[in-house]
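Participant: So the sequences go chain by chain: A, E, Z and L. Each residue of the first sequence is one higher than the one before, starting from 1000 at the first, in this note's numbering. Each residue of the second sequence is one higher than the one before, starting from 1000 at the first, in this note's numbering. Each residue of the third sequence is one higher than the one before, starting from 1000 at the first, in this note's numbering. Each residue of the fourth sequence is one higher than the one before, starting from 1000 at the first, in this note's numbering.
What the hints contain is simulated information worked out from the structure, not anything from laboratory work. Quick reminder that beta carbons are idealized off the backbone N, C-alpha and C, glycines included. Please note: incorrect hints may appear among the correct ones.
Stated by the list, open to error - Each pair of labels, with its calculated beta carbon distance range:
| # | chain 1 | residue 1 | chain 2 | residue 2 | range |
| --- | --- | --- | --- | --- | --- |
| 1 | L | THR1064 | A | ASP1261 | 24 to 32 Å |
| 2 | L | GLY1042 | A | GLU1284 | 17 to 25 Å |
| 3 | L | GLY1054 | A | LYS1126 | 38 to 46 Å |
| 4 | E | ASP1255 | Z | GLN1024 | 30 to 38 Å |
What the hints assert, rightly or not - Below are the SDA-like pairs computed for lysine to any residue, each with C-alpha atoms no more than 25 Å apart in a straight line:
| # | chain 1 | residue 1 | chain 2 | residue 2 |
| --- | --- | --- | --- | --- |
| 5 | Z | LYS1250 | L | ARG1270 |
| 6 | Z | LYS1021 | E | LYS1044 |
| 7 | Z | LYS1046 | Z | ALA1096 |
| 8 | E | LYS1044 | Z | THR1059 |
| 9 | E | LYS1021 | Z | TRP1137 |
| 10 | Z | LYS1021 | Z | THR1059 |
| 11 | Z | LYS1046 | E | TYR1282 |
| 12 | Z | LYS1126 | Z | LYS1250 |
| 13 | L | LYS1021 | A | ASN1287 |
| 14 | Z | LYS1126 | Z | GLY1084 |
There are 4 protein chains.
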Amino acid sequence: MQTRIEVGILGATGMVGQHFVKFLQGHPWFDLKWLGASDRSAGKKYKDAMTWHLGVAPETVAGLTVDDCKPGNAPRLLFSAMDAGVATEIERAFAQAGHVVVSNSRNHRMEQDVPLLVPEINADHLKLIPGQQRTRGWKGQIVTNPNCSTVVLTMGLAPMKQFGITRLITTTMQAISGAGYPGVPSMDIVGNVIPFIGNEEEKMQEETQKILGEFRGDRIEPLAARVSAHCNRVAVVDGHTVTVSVEFSSKPSIADLRHAIDTFRALPQERALPSAPPRPVIYMEEANRPQPRKDAERERGMAAFIGRLRPCPALDYKFVALGHNTIRGAAGAAVLNAELMHSEGMLD
Amino acid sequence: MQTRIEVGILGATGMVGQHFVKFLQGHPWFDLKWLGASDRSAGKKYKDAMTWHLGVAPETVAGLTVDDCKPGNAPRLLFSAMDAGVATEIERAFAQAGHVVVSNSRNHRMEQDVPLLVPEINADHLKLIPGQQRTRGWKGQIVTNPNCSTVVLTMGLAPMKQFGITRLITTTMQAISGAGYPGVPSMDIVGNVIPFIGNEEEKMQEETQKILGEFRGDRIEPLAARVSAHCNRVAVVDGHTVTVSVEFSSKPSIADLRHAIDTFRALPQERALPSAPPRPVIYMEEANRPQPRKDAERERGMAAFIGRLRPCPALDYKFVALGHNTIRGAAGAAVLNAELMHSEGMLD
Amino acid sequence: MQTRIEVGILGATGMVGQHFVKFLQGHPWFDLKWLGASDRSAGKKYKDAMTWHLGVAPETVAGLTVDDCKPGNAPRLLFSAMDAGVATEIERAFAQAGHVVVSNSRNHRMEQDVPLLVPEINADHLKLIPGQQRTRGWKGQIVTNPNCSTVVLTMGLAPMKQFGITRLITTTMQAISGAGYPGVPSMDIVGNVIPFIGNEEEKMQEETQKILGEFRGDRIEPLAARVSAHCNRVAVVDGHTVTVSVEFSSKPSIADLRHAIDTFRALPQERALPSAPPRPVIYMEEANRPQPRKDAERERGMAAFIGRLRPCPALDYKFVALGHNTIRGAAGAAVLNAELMHSEGMLD
Amino acid sequence: MQTRIEVGILGATGMVGQHFVKFLQGHPWFDLKWLGASDRSAGKKYKDAMTWHLGVAPETVAGLTVDDCKPGNAPRLLFSAMDAGVATEIERAFAQAGHVVVSNSRNHRMEQDVPLLVPEINADHLKLIPGQQRTRGWKGQIVTNPNCSTVVLTMGLAPMKQFGITRLITTTMQAISGAGYPGVPSMDIVGNVIPFIGNEEEKMQEETQKILGEFRGDRIEPLAARVSAHCNRVAVVDGHTVTVSVEFSSKPSIADLRHAIDTFRALPQERALPSAPPRPVIYMEEANRPQPRKDAERERGMAAFIGRLRPCPALDYKFVALGHNTIRGAAGAAVLNAELMHSEGMLD
């Protein structure tokens, strides 16, 4: 076995940070050796610096001393789980200092020279990096993954992109884990639906256009599709469910779409990246699937599940998609991004 | 006080029948005097013929003897809560025998000469009745109300109808009470979403077109709008929430729409029908409302609530709507239909 | 109609304060005219000083200006919904200044000269007041009601007290509304049970002994019963359910207990206090009742419901009890206390 | 690797049968080769004979043809997931015909010559078998495991048995999966508690006494402890939580109990049976644990979790226990029983 690459986490004590810690356990390439957090936590053992929310806390990192989030002792490859309130400056400081920052934070996603990466869809957007480094004078770099609901939507659309998406309307039913901890008060969600998640619709709309867009040398030309999102919170623990109505320029048949879905494989599958699901998009034939509690954790939470593909009287087709929001929609997404970058030789 | 009109319920022992019993308690015009059910229940006291699911069973009807569902002893005005499996023949037999059957069952809704009534929207569809009686040789008649999710959608659209609806896409998040009892197994819905309700999407699509359609002498010309529904079940007890994206022919402004919503009143309000909410469609300004657990029971469950009206990047506008599925979506809808008919002199 | 008594609320902007506001709407004796809160809220209109969590905010108080919690402008009778962190000093200051403080806060409950009142059980504990005023040099007074889970337990035990309770074990399944807002994070309770509520077991144990205790001139002799509580949080919105196993010194029969329950009435019923339920303890015959979602709101949330009374193989008898935690267990309890005091002439 | 033992399942198509199928996947000793069900299913492929409720159906058995539940083609070792309505005769017929029936059904549990086995507690109860075979004239045998809630309670008590349990009161908060499918209607449990489960309390009380009882040659002398159960259903998917107050004859200290819990190991651990958890009873130090959604699946669902051990004012000590009801409380329990029997040479 080859030497594993040392990695660290920026913002390791929060809920997203904990998901990174959990997801990286036993990773064949990446060896978690460094945990960064706020000044308040720095200097403490990891186990004393946070309340663990994800089952049994991994013993391998419990004893690591938390560092503060300043370049210096951190390994070159860092996963960022920083809060949006502080991520901009800190991530930039690390990139400036030569680190590869693979971020789950929203802050840099929509910047022109920053890849917003879904490895099965737009691996070529990594070509933005040389320009990013040149323009900003960085030795390091920042790469981002999308919002959790955007990942589910775009993964569901990935096999269909070839048919020319011109318009889509999506409604989400999002899990409470997407709001972190303490997150959604139980008084607001037990037996209830909250038809609003702050800034979520805007993120889904613009991130989707960028992810499905084309690399144009120094920037991404967003997909010129009209994208509309309705975002809702429901009393589900893990797994975002989205309904999608979509319009295509090339008017495929149902059979064309099903063939595209069933045969869809991309770079992560071809290169057998460690976190890549063998089949990234899985169609479920049952009339009432996929369902978050029953399906989101399958395939280690890294696949998207589609069901109920049928004609849409208002656009062309409609379907339902599901993905695990804290795995494929967050920590797993960033780790897969880093695996892709390693397979491209970008971490050498 | 004038003499109250004696009324009965077809299918009184089921869940929908119980909602009728509950809703009719203390009704100023209608006096519940007759309960019809299957042979199995006939001859028993009502309280012995069913398990009551709705809080405290009304004492006024507990001692009534259940009759079988054959014309004979029933009053002229009957509310039907029959199961779809048997409603067609029984409702027709009563209409033939001279009864006014105000039905919540789906069986006759889409028949050409049967009104599918939402009093705030299409009171004029009652003009189908003379033709219905003539063609079928009935002394009585059948009038229907829509599916529970269709009511919420169409009530939300009612103030906007004037702007020419040409296309809409809706996603529902429907309460478990809509499935009756025992209905949805808890193993399927606790912490989960079920992205499918049998035949519900078809009902929403075609019922909406008929309700918003125009009376053409002997039939209703359906609205020529493209309507697409995604129907889902969520872990909510009462209250269907729907997201709606809609396209208009006349391109109203947001202000036009808000004015239309805020000033919307219709025949039931003008005539102050007993079950009519003073404001049938209520706009909520809060960013995260309406919500089913907090809002569905307001206005005695008879109003529709709208929120989050905003431009839709894919069609023209989008919003969220909410209504109480077992009240405005079922028993209350039928009773309001009968009140409208009484105010038209059709019960004299 | 006689003149209504002006009342105020200490801590009016919090969740408990809002419950007081809601419960006092339309009260025949008490007229809510004053709202006290922290400096942060003082000077604002009530509607601008808080986010209302309980459906439609009452318009009658929306425009009242919030005062700070210092004696001066407040009416003589005050309901206290103060946070425990500040209640001690503030409640004392008001009592010192001549106010009747009817408090839902826990701070003074266990003090020797302060009545911990359940009007159906220990109305005579109000005799502590003269001593309280004498000892403390107060012109006013402080009267308290129990913790929400203690109310349910002691109301269930009230009809049985006569048989000599010597030992009891109770397990609670408590609603999330008992924790206020934001209260319990949804990630902790959706599809889950939390087998711990801070200090709740201690409160149930000692408060129960005091409530069931005897007035001894200057203090309450606690009931010498061994009381043990297991407190749990469950995913219920309103209504605390408790299981109880109990041992009696006089060994009643089941028939004795049922007779005692069914005929139980007390001072609030005899005097027909406005918030008193006609039957304070209601036995439900169904094998699977009472249930919080179906029963807690009955009788305007002011009764306790008992079911499943049966022999206990380990003590003498066991049963299940239910009550509405934010009504009978909080705001309604305090208001009933004040009504009792008024009926005693203590507010003249 | 040694040859695996062929095994079958009686009642393979129901919910419990599916749990057996799932639990036996990849079992190192037992090779699932035969599936028995009702006449209605017999002759069909397994995948066509049922609706699978547990995630992804195992492909290894999907193609097996279901047999009817009559001796003939079945392997010697059979796990029974039969409905109580039919289990008595069928299980006896197989035992008569020489099969080892390891049953999860309740029918034979309380019969005098049938072991009611929890391998960590009463492995010696297997000594009943020779007498069972002699008396009944069977070449085969029937061994049973307890009700799901009894397993959790007795596993929690196992380390404490040595201190002489004389009395205990337990309240359960049981998961919906314990009621099978369709099981509990969602209208009864969403946002609710059901304080009753038919016959469950009786089962917990008498099964606990038998499990903790002593082998007396031809029968089990039940533990002469007074056991009282309050059984409740809550909106949890998997994992039964129980509160326990217990009285001991030998008056151990808290330290004695903690030492007993922390060092508790039994035959399954000593023999390293494949399904035995390394530590059968795990004490959790956190104030608010164990919790069903967060802890039940740990240790592959085969351990019991204890927390909050503290003095009980009414008996001696109290604590909370948790276990996975469909694994340790059903399929896993039976498989561990069979593993124990195999380690005793009883399957040779």
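Participant: All hints are to be evaluated individually against the structure, with a verdict given for each.
Facilitator: Here's how the hints hold up against the structure:
Take THR1064(L) and ASP1261(A): their Cβ atoms lie about 29 Å apart, and the range 24 to 32 Å holds. Against the hinted window of 17 to 25 Å, the Cβ-Cβ separation of GLY1042(L) and GLU1284(A) comes to about 24 Å, which satisfies the hint. For the pair GLY1054(L) and LYS1126(A), the supplied restraint of 38 to 46 Å holds, since their beta-carbon distance comes to about 40 Å. Checking the proposed 30 to 38 Å range against ASP1255(E) and GLN1024(Z) shows it holds: the Cβ atoms sit about 37 Å from each other.
Of the supplied pair hints, the one linking LYS1250(Z) and ARG1270(L) is violated, its CA atoms being roughly 50 Å apart against a limit of 25 Å. Proposed proximity of LYS1021(Z) and LYS1044(E) is contradicted: the alpha carbons are some 40 Å apart, above 25 Å. Distance restraint check for LYS1046(Z) and ALA1096(Z): the Cα-Cα separation of roughly 28 Å exceeds the 25 Å cut-off, and the hinted pair is therefore not satisfied. With a CA separation close to 46 Å, the supplied pair LYS1044(E) and THR1059(Z) exceeds the 25 Å bound.
For the hint pairing LYS1021(E) with TRP1137(Z), the CA-to-CA distance comes to about 53 Å; that exceeds 25 Å, so the pair is violated. Distance restraint check for LYS1021(Z) and THR1059(Z): the Cα-Cα separation of roughly 10 Å lies within the 25 Å cut-off, and the hinted pair is therefore satisfied. For the hint pairing LYS1046(Z) with TYR1282(E), the CA-to-CA distance comes to about 19 Å; that is within 25 Å, so the pair holds. A threshold of 25 Å between alpha carbons decides the hint, and for LYS1126(Z) with LYS1250(Z) the separation of about 31 Å lies outside it, so the pair is violated.
Under the criterion of a C-alpha separation no larger than 25 Å, the hint pairing LYS1021(L) with ASN1287(A) is consistent with the structure, at around 22 Å. Of the pairs offered as hints, the one joining LYS1126(Z) and GLY1084(Z) is violated, with about 28 Å between alpha carbons and a cut-off of 25 Å exceeded.
Of the hints listed earlier, those the structure fails to meet are numbers 5, 6, 7, 8, 9, 12, 14, in rising order.
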